[in-house]
Amino acid sequence: MVKEIERFGIPIVHMATITTISESVGANRIVPTVAIPHPVGNPKLAQEDEKVLRKELVKRALNALTTEVSGPTHFE
Amino acid sequence: MSEKFKVLYYVNQFFGQVGGEDKAGMAPLFCPEKVGPAAGFEGLLKGAGEVVGTVICGDNYFNENKERSLEFILNVIKEQAPQVVVAGPAFNAGRYGMACAELAKAVVDELKIPVVTGMYVENPGVDICKEKAIVIRTSDSAGGMRKALPTMAAIALKLGKGIELGSPEEEGYIPRGMRKTLFVEKRGSQRAVEMLIARLKGEPFQTEMPMPVFDQVNPAPAIKELGKATIALCTSGGIVPKGNPDGIQSASAQKWGKYDVSTREALSAPDFYTTHGGYDPVYANEIPDRVAPLDILKEFEKEGLIGKVYQWFYTTTGTGTAVSKAKEFGTQIGAELKAAEVDGVILTST
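In the order they appear, the protein sequences are chains G and D. Take the first sequence: its position 72, counted from the start at 1, is 72 in my numbering, and no numbers get skipped. Take the second sequence: its position 2, counted from the start at 1, is 2 in my numbering, and no numbers get skipped.
This is chain G alone, in the form it adopts within the complex (with noise of 0.2 Å):
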């Protein structure tokens, strides 16, 4: 889907855990995240606290789509 849909010159970040299928599905783009069932979320913490993180990694997301790259990057 990420590969099929940057082929319309819509830059796409791929947020994901196993980053090595992000790279194997052609994103170029990626932000790993947290875990499998919960990419952009952490249970253990406060609510408070996982807003903050998940801000942070929007955030990286974001920085992504600003920033030209010439093939797979990871954003960490």
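Fair warning: there could be bad hints in the mix.
[Unchecked claim] Straight-line alpha carbon distances no greater than 27 Å define the calculated DSSO-like cross-link-like pairs of lysine-lysine that follow:
{"id": "1", "chain 1": "G", "residue 1": "55", "chain 2": "D", "residue 2": "4"}
{"id": "2", "chain 1": "D", "residue 1": "302", "chain 2": "G", "residue 2": "51"}
{"id": "3", "chain 1": "D", "residue 1": "66", "chain 2": "G", "residue 2": "55"}
{"id": "4", "chain 1": "G", "residue 1": "3", "chain 2": "D", "residue 2": "325"}
{"id": "5", "chain 1": "D", "residue 1": "308", "chain 2": "G", "residue 2": "55"}
{"id": "6", "chain 1": "D", "residue 1": "308", "chain 2": "G", "residue 2": "51"}
{"id": "7", "chain 1": "D", "residue 1": "224", "chain 2": "G", "residue 2": "59"}
{"id": "8", "chain 1": "D", "residue 1": "66", "chain 2": "G", "residue 2": "59"}
{"id": "9", "chain 1": "D", "residue 1": "132", "chain 2": "D", "residue 2": "78"}
{"id": "10", "chain 1": "D", "residue 1": "46", "chain 2": "D", "residue 2": "161"}
{"id": "11", "chain 1": "D", "residue 1": "158", "chain 2": "D", "residue 2": "4"}
{"id": "12", "chain 1": "G", "residue 1": "3", "chain 2": "D", "residue 2": "327"}
{"id": "13", "chain 1": "D", "residue 1": "255", "chain 2": "G", "residue 2": "3"}
{"id": "14", "chain 1": "G", "residue 1": "55", "chain 2": "D", "residue 2": "105"}
{"id": "15", "chain 1": "D", "residue 1": "161", "chain 2": "G", "residue 2": "59"}
{"id": "16", "chain 1": "D", "residue 1": "66", "chain 2": "G", "residue 2": "3"}
{"id": "17", "chain 1": "G", "residue 1": "51", "chain 2": "D", "residue 2": "242"}
{"id": "18", "chain 1": "D", "residue 1": "298", "chain 2": "G", "residue 2": "51"}
{"id": "19", "chain 1": "D", "residue 1": "78", "chain 2": "D", "residue 2": "6"}
{"id": "20", "chain 1": "D", "residue 1": "23", "chain 2": "D", "residue 2": "105"}
{"id": "21", "chain 1": "D", "residue 1": "132", "chain 2": "D", "residue 2": "158"}
{"id": "22", "chain 1": "D", "residue 1": "34", "chain 2": "D", "residue 2": "161"}
{"id": "23", "chain 1": "D", "residue 1": "338", "chain 2": "G", "residue 2": "59"}
Keep in mind the hints are simulated off the structure, nothing from the lab.
Given the coordinates of chain G, assemble chain D onto it according to the supplied hints.
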């Protein structure tokens, strides 16, 4: 009679008979018995080999703690000193396939012990390890177990006895991208002309050098002005409105859905939940934004960091979904986003 060769077996929590998704977080353990597929495997080795034990590891644990898992498992393998390591078969299970593949790669690279595994050809693990391990072709579900095990055992038997393997077609494994020199009766020029004639006549012929297929998409240019950009949110984590109105499948998705989120602040429970059948849904059902972070995007929209969150949220289930289907979904969704002049997309996966 010569001594039997030793086989060590790797399975996930499910085939290791520990449990389902609720046990996917279990750390690896070594069990000196033959568990799950390992039990029948020894019999297929026709008395020439024995299974000395089973390593069981949760799929989530392995993929989230790869280094730690590999360290433990490689140590077990060093202690047990098998001649062959067998993993899976993983069929079309993505996380299990990735675990088998990463393990296979490490065992072959670091311990120089041959590995046999089995996967459906679309499993993402195939590309990770097919050059290192022998990956037999399986069906896409565990229904293919009875067919897969004898093929895997026949290969393990040859590897254990040090017998050279035949071609991928003969032995049933996925081509490893290697070329082998062999003697044939007809010289090259003659074979080439015969192939050309067959082609001109429209008869079947088989190339001696298949070309690899590369399909890469160049990165799209970056967003210039984030403060004016429309960002779309998309997920393969199966987050749907309560009642799953479009009946998106919990696995092997046949369709995707789009839902209007223009008046929402978040994808909150109980209005949304996950229909994905490939991970433990507890955390996503509590707070669906843990999978698709609409809450944060809306905050950023208010703060003016981004221009707008696109009205429609796109979703499907990414477990066991065929690559051809995923392509189709991507093409359809991409066309809509393009038409709506969306500037950037965030796609989350579980």
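Regarding the pair residue 66(D) and residue 59(G), is the alpha-carbon distance no greater than 27 Å? 26 Å, holds
Checking one constraint from the list: CA of residue 224(D) to CA of residue 59(G), max 27 Å. Satisfied? 16 Å, holds
Are residue 308(D) and residue 55(G) close enough, with their CA atoms no more than 27 Å apart? Answer holds: residue 308(D) to residue 55(G) is near 16 Å, not above 27 Å.
For the pair supplied as a hint, residue 51(G) and residue 242(D), confirm whether the alpha-carbon distance does not exceed 27 Å. 23 Å, holds
Straight-line alpha-carbon gap residue 66(D) to residue 55(G), limit 27 Å: 26 Å, holds
Could you grab the alpha-carbon distance between residue 3(G) and residue 327(D) and see if it respects the 27 Å cut-off? 8 Å, holds
For a C-alpha distance cap of 27 Å, please report whether residue 66(D) and residue 3(G) respect it. 26 Å, holds
Has the given pair, residue 338(D) with residue 59(G), been kept, meaning a C-alpha gap of at most 27 Å? Holds, because 23 Å separates the two Cα atoms, which is no more than 27 Å.
Take the C-alpha atoms of residue 23(D) and residue 105(D), compute the straight-line distance between them, and say whether it is at most 27 Å. Between residue 23(D) and residue 105(D) the Cα gap is close to 25 Å, so the pair holds against 27 Å.
Would you check the hint for residue 158(D) and residue 4(D), treating anything up to 27 Å between C-alpha atoms as holding? 13 Å, holds
Holds or violated: residue 78(D) and residue 6(D), Cα atoms, limit 27 Å. 12 Å, holds
Residue 298(D) and residue 51(G): Cα distance at most 27 Å? 13 Å, holds
Comparing the model with each earlier hint shows violations of hints 1, 14 and 15; every other hint is respected.
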